[in-house]
Structure formats: structure tokens, C-alpha cells
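Number of protein chains: 6
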Amino acid sequence: LWLPAQALVRNMSSSDGPTSPYTTLAISRPVESLTHVELHRPEKRNAMNKAFWSEMVDCFNEIADDQDCRVVVMSGAGRMFTAGLDLMDMANDILQPKGDDVARISWNLRKTITKYQETFSVIEKCPKPVVVAVHGACIGGGVDLITACDIRLCTQDAWFQVKEVDIGLAADVGTLQRLPKVIGSRSLVNELALTARKMFADEAKSSGLVSRVFADKEAMMAGALEMAGQIACRSPVAVQGTKKNLLYSRDHSVAEGLNYMATWNMSMLQTEDVMKSAQAAMEKKSPKAVVFSKL
Amino acid sequence: LWLPAQALVRNMSSSDGPTSPYTTLAISRPVESLTHVELHRPEKRNAMNKAFWSEMVDCFNEIADDQDCRVVVMSGAGRMFTAGLDLMDMANDILQPKGDDVARISWNLRKTITKYQETFSVIEKCPKPVVVAVHGACIGGGVDLITACDIRLCTQDAWFQVKEVDIGLAADVGTLQRLPKVIGSRSLVNELALTARKMFADEAKSSGLVSRVFADKEAMMAGALEMAGQIACRSPVAVQGTKKNLLYSRDHSVAEGLNYMATWNMSMLQTEDVMKSAQAAMEKKSPKAVVFSKL
Amino acid sequence: LWLPAQALVRNMSSSDGPTSPYTTLAISRPVESLTHVELHRPEKRNAMNKAFWSEMVDCFNEIADDQDCRVVVMSGAGRMFTAGLDLMDMANDILQPKGDDVARISWNLRKTITKYQETFSVIEKCPKPVVVAVHGACIGGGVDLITACDIRLCTQDAWFQVKEVDIGLAADVGTLQRLPKVIGSRSLVNELALTARKMFADEAKSSGLVSRVFADKEAMMAGALEMAGQIACRSPVAVQGTKKNLLYSRDHSVAEGLNYMATWNMSMLQTEDVMKSAQAAMEKKSPKAVVFSKL
Amino acid sequence: LWLPAQALVRNMSSSDGPTSPYTTLAISRPVESLTHVELHRPEKRNAMNKAFWSEMVDCFNEIADDQDCRVVVMSGAGRMFTAGLDLMDMANDILQPKGDDVARISWNLRKTITKYQETFSVIEKCPKPVVVAVHGACIGGGVDLITACDIRLCTQDAWFQVKEVDIGLAADVGTLQRLPKVIGSRSLVNELALTARKMFADEAKSSGLVSRVFADKEAMMAGALEMAGQIACRSPVAVQGTKKNLLYSRDHSVAEGLNYMATWNMSMLQTEDVMKSAQAAMEKKSPKAVVFSKL
Amino acid sequence: LWLPAQALVRNMSSSDGPTSPYTTLAISRPVESLTHVELHRPEKRNAMNKAFWSEMVDCFNEIADDQDCRVVVMSGAGRMFTAGLDLMDMANDILQPKGDDVARISWNLRKTITKYQETFSVIEKCPKPVVVAVHGACIGGGVDLITACDIRLCTQDAWFQVKEVDIGLAADVGTLQRLPKVIGSRSLVNELALTARKMFADEAKSSGLVSRVFADKEAMMAGALEMAGQIACRSPVAVQGTKKNLLYSRDHSVAEGLNYMATWNMSMLQTEDVMKSAQAAMEKKSPKAVVFSKL
Amino acid sequence: LWLPAQALVRNMSSSDGPTSPYTTLAISRPVESLTHVELHRPEKRNAMNKAFWSEMVDCFNEIADDQDCRVVVMSGAGRMFTAGLDLMDMANDILQPKGDDVARISWNLRKTITKYQETFSVIEKCPKPVVVAVHGACIGGGVDLITACDIRLCTQDAWFQVKEVDIGLAADVGTLQRLPKVIGSRSLVNELALTARKMFADEAKSSGLVSRVFADKEAMMAGALEMAGQIACRSPVAVQGTKKNLLYSRDHSVAEGLNYMATWNMSMLQTEDVMKSAQAAMEKKSPKAVVFSKL
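Protein chains in written order, with the working numbering: chain A, 1 to 295; chain B, 1 to 295; chain C, 1 to 295; chain D, 1 to 295; chain E, 1 to 295; chain F, 1 to 295.
For the record, the hints were derived by calculation from the structure and aren't laboratory data.
Do not rely on the hints blindly, as some may be mistaken.
Copies of the same chain are indistinguishable here, so a pair counts whether it falls within one copy or spans any two.
Claimed, not checked - In silico BS3-like links for lysine-lysine, alpha-carbon gap of 30 angstroms or less:
1) Lys181 - Lys205
2) Lys288 - Lys111
3) Lys111 - Lys181
4) Lys115 - Lys244
5) Lys244 - Lys111
6) Lys284 - Lys44
7) Lys205 - Lys111
8) Lys285 - Lys44
9) Lys198 - Lys98
10) Lys285 - Lys125
11) Lys244 - Lys44
12) Lys244 - Lys284
13) Lys125 - Lys294
14) Lys288 - Lys44
15) Lys50 - Lys115
16) Lys284 - Lys181
17) Lys181 - Lys198
18) Lys115 - Lys44
19) Lys98 - Lys244
20) Lys115 - Lys288
Computed from a predicted model, the values in this text were never measured in an experiment.
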């Protein structure tokens, strides 16, 4: 079903540019149940301009409601994943905020920051798992973005940079909140955020930022597709309930998490998917052979 | 005292089957102060049947009150650690829950889930440290079980699988709550839980799920015994206070944890064990040479 | 500016002993904006005596208010980083606490513990990042100390030991609270705290306790200086805001952390440093070429 | 400025019906800076139909962004405040939810509940204070609504009823969460929610649900206008910052609340409003004499 | 159905003493669906002896599982509600705790306190609402007990006393934790707990500790019966879900409470009770006319 | 012992002005174990000037360590309790904060606010209960102050005003955090904080802000003395443990509070005070007849 991956990967090539109504994202469905979201401003190194921040919200809200989508793969078009903030395009918002006095400027800045934070939080709120595949540079806002995704993959030539201190500010759209919950070494998180040094693929793997490294982009995209396929072929009740509860657990004590889980599953266990899956398991069938209702 | 470990390990062999009143667990005391709990349904690959869920609770409640036990080693009899849920035996509870309407079925399912969660939470509530030693497969409920233990060891041939999505449900007895607090890489946790792929010993070690890998089961049991011996010979006031506060810290901020710790130790520091230990240290004696009162 | 590091490192040598008014710490400023704090009781293996516990508080409170300091490097004089608690000097406080009955002794012990906890919490409260460089042994209280620092480095010959269970008590000045939030493997944390075994440099690196290992102390100090230099040359508004929000995030959910971050940056984004940094970036200048106001 | 209130109250009369684009709400601006939101389906006793749930969200989002509005007064047209849920109109959503199995129906119901919860949470998220004025009956969803408002007033003939248990469900759009934080007596809260008994104006006042009782609707509307006027004439930076921090405090410890407050005010204290207000105070002028910039 | 209450009240008279297997409690079912639990050691002023602490746990665990019980009324036999702790009977546990040193004594005391706390927490864990009716004195442990109940009633001659400071200890089985969440005035809570003064019925009512005061015990029991009847005749899915979520809300932020509520009701709204209740409401029938399945 | 109160009250008169080294506070010990702290700038209506903010911290830190003090009574000298902030004296700090840009000004303002918050938090941190007695006006900072005290009393002529919105700012030293946890009616809290209206003694009593109202200052001081006497004569282990746990409970869930309480009392129950108190109780002696060791 999911093969040959390489043919699919070629399907995912985004030579046609952004998908209407988006100007910074190319959306496609290379195979059933899987949505591919591609950052697509290659000539600008996929830098995040004003349009990007609201298009992401629209895009993931749509995916959340799309019953035909069970998993998302995200990647970047062109030479790299993303150069981060498009400082030129966004200078107004950040460097010349409006307001009659400091308090009013602050009030407006807070609204702006909150809106930008939502751009990545929307990935977490979307119940479908998001696999992100990074090649080349992933800078500044790019790190904020990928830490909000569920599974991170990269190529051997990828590198990551928490860039914000370099432009005089503390990262405020997610990196400082999510990165420490994404990798295990606190010393490393602090070093990256305070020195803005680059981290390369090997360290990203050994530190746990990514769970797999691939030789090149083509191999990575094939790997991402296969992994996404593993997810898409399973019960959406099981998969999306798993994502929701993993995120709940991150922010709560174990006891709180167990209580919520029990309350969640008291209805979700009544799905037909359990019976279907159990039967398939006993008949030694692959999960891929089971047809689940949409969710 | 603790040697020769290999002789002891042979003592731990559970050829005699489960220990009354248990039908799924074999309990022994290979050496002073150490309780060995063995999953013992080897002909069923130590699958977790109905009896298991309540026997675990009785067993660990008893251990908690047993002043002669200072540390627990847990392992599986036969070819593997555990195949997880015994779907056949438990189908009733899960697939045919009782109740006159959806709400009442949900109410009953919630009680069942909560009861099953308690089966592993009881390991955390037991103040004696639990070292778990895994060989072969550790599937589904097995992962829930080991993440509730304090120290995890495995053999080179061990593998781990968060199996629940494969049977159409989100894992609800602990894995989604504890696994992310047990290993550092969030991307890996998500990958395991969403794809149900197997993780082998090397990745288990590099990701931090286990802290040591051994060549085979015999070597692992010797290692587990030695490590447990290191714990058993130390002050039980120190050891059990350490376990309790490590768990408290997991679920609280650093400031909250420090406050609780200070309140804990305001009495516990008044133990004679400090004086005994300090004296032994100054006399360059091993902790094993000190006799501590029971706790 | 920051070179040649080796000359600087020699500047940091503390042959002259503690710096008045301190008797256990040597304070220096090898280069602009950087404070070097050295544990300096080499003849006592930098063991933590009574004076140490209060001198640390004074020292870091002073650093917090010192606008000329933007980053701190901490290390130990002599053969090792620290042997931990100076049991002889502190026996009174711990082994013979005052009070007319158990409750009153407990009350006094609680005050003592709380005061000692503050000795390391003061490092976190200080908004300037602290890079700690460990060579040789780092035992007991030493582990409490370094887990309160922001970035950890060590030499190839360094080793770490959570020693407290060996003297009959649960570690109560920070290790049990901070170590699990500093490294990713829970099994390893528990093993270290419950068995008091030594952990060597390689495991410290692979587990994430330190983010870099150096061949010897001289190389480490040069590395620490360079890393600190990378931090000191950047906007203090960005750097100190980053430290504060990283710590806030550790103890809060992602949503709470984002909310706090937005409220923090609504004023901090109005700094001139953003404009200065952006300009430098566009002119391809190094951050070191920008002059920032003091904070 | 704010007088004569009775003339204004007559201005607020909503004889013209709902205000486009709303079909259930009449919006007006009886005086500068004040928005009057009236539940306006008098022939249906202001019962909450499908349109209502989304119109409230649109309405309060608009108010949140309307710089000309500094305070909101809410009331009901016709004989009573509201009869609560319009069961007929909403039966579909609640009684015949869609989905292929129990899990999928649950999933859809959860989305619906969450959407309905948002209808009242939007009142809290709106930074402008909301004064609600209740006459006659306030039933079921009406209690959910008013507990999300900031200040509650009522007439002598008003009564309140937590009606949900009467239709076989636990109240799920806010009453069970907010009522206990709004009035002081837990025994009373439980009694109201578990027995669905009516509470009349006097008990509403003595229990703290409302802070004032008026003889009739006209007097109440005049009182509401005057109180709203007191709020509208003050610095919006002060007023809206107060609302935001009061809500933050409700859900956090005192220490957390103080920390957030300090971070909030580090910018907000830099408003010109403080200087203007202080000057007015010293010149013994009323706050109403000061002109503040919009926020 | 529920009348004549006075006859029922006479049914509740407990002239026959404790109900086997209990020695301190008399259990009866005066009417369908209602369990009456009576403290029954009148000759000892219902003082709480050793047996009481464990009998309460057994009693409420049984009630929790008893599908025929939908509501509980609790009261005291004889001249008063309870004199609190039976100091004579319990002196051993508290005044002569066992253990070889201070730490071990502390360890044992902590187990004892935790066990005693469970005696009242079990009331909260029981999903059926508990109406407590107090006459005469309610001292010490009695206050701990009633604050764990859902609805509190009293007679005109009732008085309440937080007695613990009078015997040299801080109340440790619930009063200090629950009383401040049960009544609105913090100043009053502190005064009662710090001075051990008596509070009489009028102040208990005005402060919100009780929601109703009755002339004498007979009137109170009739009132309690009627209120319990109001609860028992409603959908148990609605009632018990309401209790559970009210308690959840007490200990969580509004946002957390709403999230939990939505997850709870996604299954519970699928009950037939909603349809039955809605139909009864439209046909203007009383809730008492509807027959609900057991839960 | 504690009588005649009126003579004592006269002892408390502070005709001699502030007590060295304080310039705004008069400290006395009218009777054993009781410290009287008087706001003493009567000619300035006890307005809070710069000196006041640091003197309060010194004063309460000293009281915390003073074993001869078991309870504190606080009141104001002259015509009123306090007029709040001394705007003239403090204008610099607030209206002309220092710093090179908005971020640096904000940074400094935050330090200032945090320091001011500590002025009242120090009352909570002091383990001795604080009874505050208010006559005449209690404005602005006065409300922040009294909400940090444990028990509030007032005279019939007292009034309270949350004044901050009147000078263009959200109250930031405690009122918005503590007032909602001190009184039960949320609507009233919001009304007071958003409109800055005065609240008089009767409403203060019925809302629970104060627990008693007295005819005049002399009667109030006699009442405060008597109440403080009730506290001072009881076991300090019981009293101070009660204060600490009441405050802990305010900011935690019931389950968290119970856990902390058990850990607290495992040592504190070992006090001799329990035996002494129990013996006195059995011998029908008053608590005042028992001599407790200092704490």
C-alpha cells in the first residue's frame, strides 16, 4: 500500500509552488489519509513572513477538521528547511509597534506575540500527529516550529540554531517553553539558547531532538512517508487519543495524567476499532488490512 | 555478603512456579532484605491475565509493610519478560463491558481502568526501590509496568513495544503518562507510542529507558542482585526517603520539591543512621558493615 | 577580544587564595563582563564548611546586582572540584541540632535545611547565566551545586557522586529536585541517587549531565571562557530574559510558559538592543561588535 | 457626564430587536465607552438557541478589539433574564449526536461541548469588565453565563436555578467550574447544583452571588450604568490590567499571582495614565475629569 | 413519595444500636435509594475511637459500590453530633508511637496520619452525595468529618469547634485543608483554627459553613430527608457526575475544570437519562415520575 | 493573666513615637509573648513612605526569630489605620524609574515591585499569627497589608478602599492576589477593585473581610488583645504549624495539602506539648495553665 515510497516522494515534489489560498505553504495528499505541508518560499529560504503566521493557523485548523487526513508530514522546499523569521517583512510589527505610550505599545506587542505563539500551538491542538522532516538549516522560528511537532527527523546535513539572542531578544514563540521538554539534557538546551551556536545532525540525534537521521532528503522523505504510513493505517481513535494524552501528560503530574486518561478512555474504549483490531491481531493480519471508520 | 552472585542467581530460579497465594507471581528472598518478584506464567509468555492485576496490588502492598524487605528485584520467568495483556482472558472486561446505556458502560469501564492503573501505581507507592530486569520481549502492559519501576536493566536481546495502538486504543495504564518522564527524547516517545514499532536494547540504553545492558539473562540477574545489594545495605531511612522525594520531585516544581524535602528531612535527619553512617565513613568502613534498624 | 584564551586562563589562576571578604571563594574578573567564582579551599578539597554556605549567598546576590557582570564561570581550585559537605565542620548543625523536644529540634532543622537550600537556589535566582567547569571529583553537595548552574562542562577525569545515602540521609539541598530535570534518563537518576555509585565523564556526557567534555582542566577553562564570551557579548536583555524564562518553563506547563513569556516580552521587545542587533546582522557584523547598555 | 441615568436607561431600551448581524443580541452604546449587550429573544424568554452560542463569541471578540469600549453591561430583554438552553432548537446537537460508534459520537460531542464552553469563556478573555444585570428568572445556561461575568447585580424579583440535573446531565459549560469560585459557601453551591432548587435575590446577595439587589429593573439598569460609568472613566490600562490579573489570581497560588503581576506591571506602570491620575488626585479633580488615551 | 417525612424520620431512629459488622455506625435505608449513616456511640458522645476510623472506610467503600444507594444522610445518635477524637482509646497511636529512633517513629506516625486522613477522604471519593445533619456539639474530628461532606445542615443548638490547638497539635485529618475551601471568610477560618473558639449555628449559617439551620433535630432530619429525596429522584448519571466535577473544580483552575468536564460528558451525555428527563420536562412531569436505571 | 485588658490597651498607647531603629513603626510588648506593631506616622495618616517598605521587612524578620513572641497585633496610630502609599515620598521610584531604554526601565521597575511585594509577603512568612485591628480609613496599600494578615478586626467607623485604579495602575503588591482568597464573593471583589468604591464596616463583616466589628478603637484593641491572648497561651508548635499549613492549603489542592500536613505532623506530633495539653484537658485546666517551651 505504502510503496514504492520513492515514487510517492516524487509525488510530493512541489514544483508547482504554493497551494491556493496559501502563498507560503504547498499542501498535497501524496497518498490516502496523509497530508503533506511544505514550507514553500524557496527563493526566500522559506523565511517566515507575515502571511506565513496566519496561513499556518488556517492550514492546521483545516487539517484538524479534515476527516480524510490522519497524519501530517511537514518539510521545506528548496535548499533548506527554513531561515526563520523574515526580519524585513516583519520589522513593522516588532520594531515599530503602535501605541500612545509604553503601556499601550506593550499591550499591542503582547497581542502580536500571542498571535504568533498560536501559529505553532495550532500544531499541538491539531489531533493528527505531525512528522516534521528537516534538511539543511533550521533557524530561529524554525526551531520553535519543529518543537511543536510530534516526531522530528533530519538529514545528515541538517543543522539547528536557536538564533533569537543574536537579534537581541528572548525567543518568545515556543522554543524556550518546548525545547526543554523535547530533549533530555538541560545543559545543552541552555547552551543552545544562550550562545546561539549551531547544532548538527549527530548531536541532534544523540540529544534526542530528532529520532532519526537520514543520508539525504530523498531518503528522509521516504522514511517520513513510511513512518507516517505506519500511523495512518492504525485506528484514528487510538492514534489521536494517544497524541492528545501524550500532550496532556507533558504538562501534568502522573496522577493527573492517569485520571484524565481514565476519563478519556471510558468512552473511547467502546470503539469498534478495538474489536476490529483484536480480531485482525488474532488472525495475524497487518493493521493495514483493517478498515476503520473516519474520525 | 552479596557474593557469589551467580550462586544467588541460581537461588532465584523459579522452577517451582508461582508462590501461594499468587498464581501469576513467584516471590522469593534470595538474600536478606531483598525480595525477588517474578512474573511467572512462562507457558503463557507471562501475559497479564485477570488474576495478575489484583495479585500485583496485594503483592506490593505486602512488600510495602514488610520491614525485612529493603529492595525489590523484578523479572520474568521463561523466554521473555512479558507479552503484555492476556487479551483472551480479559476480553470480557474490555470488549463486553456491562451497563444499561453508554453512560453506565462508561462508568463501569472507568472503574475498571482505574483499578488496572492501580496495579502499577502500587509499585510507585511502595517505598522500597524496585529494580526491574527485562529479557526478551516487553510488550504493551509490560512497558506500563517497567516505567513504574525505579531502575531498568535489560539483556542484549531485549526489545520493547508500546503495542496499544495496534489493538485500537490509547495506552491507559501508565505508558503515556510515565514514558515521557522516563526518557529524554520526546520525538522518540511519540514515535514509539504512535507507530508501535519495536525498540531494541541499544536504543533503549542510548535513549535512557534502561541504565544498563547485559550480555544475557544470567549476567543481568547477577547485575541486578549486585545493584540491589548496594541499595539494601544502606540506611533504609535514606533510601526510602530518597525514593519518595524523587517521585515527589517528578510531579512538582523545584521550589515545591525543596519545600517538601525540608519538611521531610526535619524529622528524618534525626535518625541514628546518620551518626552510624558518618562514623563508618570516618573509620573507612563500607556501608555494608553498618547495621541499621528496620523501618 | 576573547583571545588568546590561554593567557586569560592563566589570569584566572587563583594562586592568591580567597578574595576578601570571602574565606572559601576566590572572585576575579579575567575579562570584561565575566565574573569567575572559584571554590577555594584546595587543602580541604574545597569541602563545604559553614562559611561556604553563607558566602555563596552573599556572592551571588552581589553578582545579581553587578551591572558589569553578564556571565559567571565557576570552578574549583586544586585537585578537584569539591569533596562535598565538610562533615567535621558542620557536624553541630546536623548531628546535634538544638531544641527542647523532637518538634522543636525538627523546627530548627527545617530552618537550617531551608537556609542551605538557599545557597544553591541563589544561583538560579541570579539572572546572569552560570557556566560551571568540573575537574576531578564532584561529590555530594557538589552535585547539588552544579545542577543549579545553567551549563555544565567537565574534564575527562571528572566523576560525579550523589553521596548522601552513604551518610544515612536523603539529599536535601537540591539534587533530588534538580537532577531529574537536568538529565533525561530517569533510570539513571534513580540508580545514582539510590546506590551512590560514581558516574564518569563519558556517561555524564552521554546522559546529558554535561554538554561538553575536555581533555584537561586548562582546555576546559579555555572552553568555558570562550562559551562565556559568546554569552557576554550578546544583549543582556536577551540573555537574562532567556535564563529567566527557561527556568520558568521548567516548572510550568507549556501554555503557562507561553503566557508568561508574552507578558515578559511585551516590554522587553522595546529594547534598543533589538534594533542594534538587527542592524549588525544586516551589516554582517558579529554580535561582539555591538555595544549594549548595561542592565 | 453619566447623568441623568434614567434618561440613559430609556436609551438602552431595545424596542427595535436584535442588532444586525446578530439575531439573538441587541448591541447599543447608550453612552461613550460603554457597550450594552442585551439578550434579545423576549418571545422565547431569551432561551439560548444555536445562533446564540456563536453570536456571543463574535460579539465579545469584537468588543475585545473595540478601542471605544471600556466596559460592558449585559441584561435580558422582556420578562426575564433567560430561561437557559433552548432545548427544542438544540436537541439535535445533544440528543442525536453523529458518529459511527460510541467513540466517534463521543469525539463529536466533546467538540460540541468545547465550542459551547467557549461561548462564556470569551467573556473572561475579553479584557473589558462585564457587569451583568439580572431580572426575573436566570436558569441553567443563564447561571453558566453570569458566573463568567465580572460583577453581578439583580432585582428583588430575580431567581437563579442550576437546572442541569433536572434534564439528566452534569452542567458542562461553566457552572460547576465557576460557581464555587464565585460564592463562598461550598455547602450552598453543592445544594444548588445537586437539587436544582431555586435561589432568590436575598440569598443571592447574602451568599455573594450578586453584590447588589435593586427594587426593580429600571433601578437596576440605572445602578448598572452608574457602576459601569465609574469603571469607564478610569484609566483603561489600570482597569483592564486589574481584570486580567484578578482572573489570573483565581487560578494560581498567591506567589504565582504576585510574580505574574510584577511582570505585567513592569511595563504597564510606564503609562502616562499614572502621571495624569496622580496629578488629578493632587489637584482634587475627579477621575472623570481626566482624558486617557484609548487602549 | 418522600412523605410523610416525619414518619420516615421516626424510621431513622436508631434505638437498636450499631449495625453489624459495625460497632460505631448504625446503617439503615429509611426510604428507597437513601442510606442513613449514624454515628452511634451515644454513651461516649459519638467520640471517634479506633474502630470508628476503619469502619468509616469500609462503610463508604460499600456505599460507593451499592447501586441501590443514590444519596447518603449522616447524623449523630444521642445528645450531640460528636465530641471528636476519643483521646483515651487512641492515646497509644498518638502519644506512644513505635519506632527505634525519631525517624522511624516519624515514619510510623506518618502512616497513621495518612490512614486517618483516608477516613474522611473516603466520603469525597464516594460518588454519592452526602448530606450531613449536625445537632449539638461538633468538635475536633467532627469538623474534619463534616467538611468532607457535600451539604451541611444544623440545628439551632449546634456548635462547632476546631479543637486541635487545644491539645497541642495542628489539625491533620482535613480541617486545615478543607475548611478554607468550604467557607468564604479567611479571617474567620484562621480565627477558629488558631483560637479554638466555638462557633454557633447563626454564624455557621452566615459564614456559609451550613446552608440551612433548623429549629430542632426532628425538623432537621425531615429537612435532610427531603433534600436527599430531591437528589435521589434525579438521574444518578447527572448527580454523581455533578459531585465528581464539583470536587475536581475545587482543586483545579477553571480552564482545567472545563477541559475535564468536556471529557467527562462526551460519554455521559449519551445516557438515556437525558432523553427521559427532557421528555418528562416537556410533559410537565416531576423528576420523581421518571425511572432511571441504576448506576 | 490577660486582664484587665483595658489597662493593657492603655499600655499599648504609643505616645512616644516610633521605636528605634524604626521611623515608621512603634514596637512594644504589652504582655508576655505578644508583640504590638503600630504603624506610627500619625501626622502623615500613617502613609507608606520609602522607609516603611524596608522597615516592615526588618521588623517581621526579627519577629519571626524572636522566641519570646508568639502572636502579633497590628494597628495604626492616630486618626486612621493608613492612607496607603505616600505618593510624594515615593514618586521617584514609580514615576521616574531609571534605565537607558524601555526594557531596562522595566527591568528596574520589576525589581522595585518585587521588593515592595516582599514587604507584605514577609507577614505570611512569619510563622506567628498576625491579628490586624483597623480603625478609620484603610486605603490602597493598607488593603494589600491587611489581606496578608491572618485575622482582621475593625471598628464601626472603619472603611476600606482598593484605591489603585484611581491612580492609573493595577494594584501590584498583593490585593489582587489575596483579596479574592480572603472573602467569598467574587462579584464584590471585582466591584471593589474596578470601581475603587469604599466599603464600610458592616459590609466588611458580612462579606467576611473582617471577622469582628467593635464599637470603637478602645473596644477593638481590648478584643484584639484578648483574641491574641487566646492564641499566645496555646502550644506554639500547634499554633505556628496551624498557620503554616493554612497558608499551604490556600495555594494547593486538598490532596496536596493533606500530604504536606502528614509530612509536617510526623515530627510535630512528637512534641511534649501534646502530652501536656492532653493532661491539662483531662484535669479540666485551662490551656493558660500550661507552660510550653519556646519555639
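Hints and how they fare:
| no. | hint | in the structure |
| --- | --- | --- |
| 1 | Lys181 - Lys205 | both (15 angstroms within a copy, 19 angstroms between copies) |
| 2 | Lys288 - Lys111 | between (45 angstroms within a copy, 28 angstroms between copies) |
| 3 | Lys111 - Lys181 | both (25 angstroms within a copy, 28 angstroms between copies) |
| 4 | Lys115 - Lys244 | both (22 angstroms within a copy, 17 angstroms between copies) |
| 5 | Lys244 - Lys111 | both (27 angstroms within a copy, 13 angstroms between copies) |
| 6 | Lys284 - Lys44 | between (50 angstroms within a copy, 18 angstroms between copies) |
| 7 | Lys205 - Lys111 | neither (36 angstroms within a copy, 37 angstroms between copies) |
| 8 | Lys285 - Lys44 | between (47 angstroms within a copy, 21 angstroms between copies) |
| 9 | Lys198 - Lys98 | neither (34 angstroms within a copy, 36 angstroms between copies) |
| 10 | Lys285 - Lys125 | neither (33 angstroms within a copy, 40 angstroms between copies) |
| 11 | Lys244 - Lys44 | neither (34 angstroms within a copy, 33 angstroms between copies) |
| 12 | Lys244 - Lys284 | within (29 angstroms within a copy, 42 angstroms between copies) |
| 13 | Lys125 - Lys294 | within (19 angstroms within a copy, 34 angstroms between copies) |
| 14 | Lys288 - Lys44 | between (40 angstroms within a copy, 27 angstroms between copies) |
| 15 | Lys50 - Lys115 | both (11 angstroms within a copy, 28 angstroms between copies) |
| 16 | Lys284 - Lys181 | neither (37 angstroms within a copy, 33 angstroms between copies) |
| 17 | Lys181 - Lys198 | both (19 angstroms within a copy, 23 angstroms between copies) |
| 18 | Lys115 - Lys44 | within (23 angstroms within a copy, 38 angstroms between copies) |
| 19 | Lys98 - Lys244 | between (38 angstroms within a copy, 21 angstroms between copies) |
| 20 | Lys115 - Lys288 | neither (39 angstroms within a copy, 32 angstroms between copies) |
In this structure, the hints that do not hold are numbers 7, 9, 10, 11, 16 and 20, in rising order.
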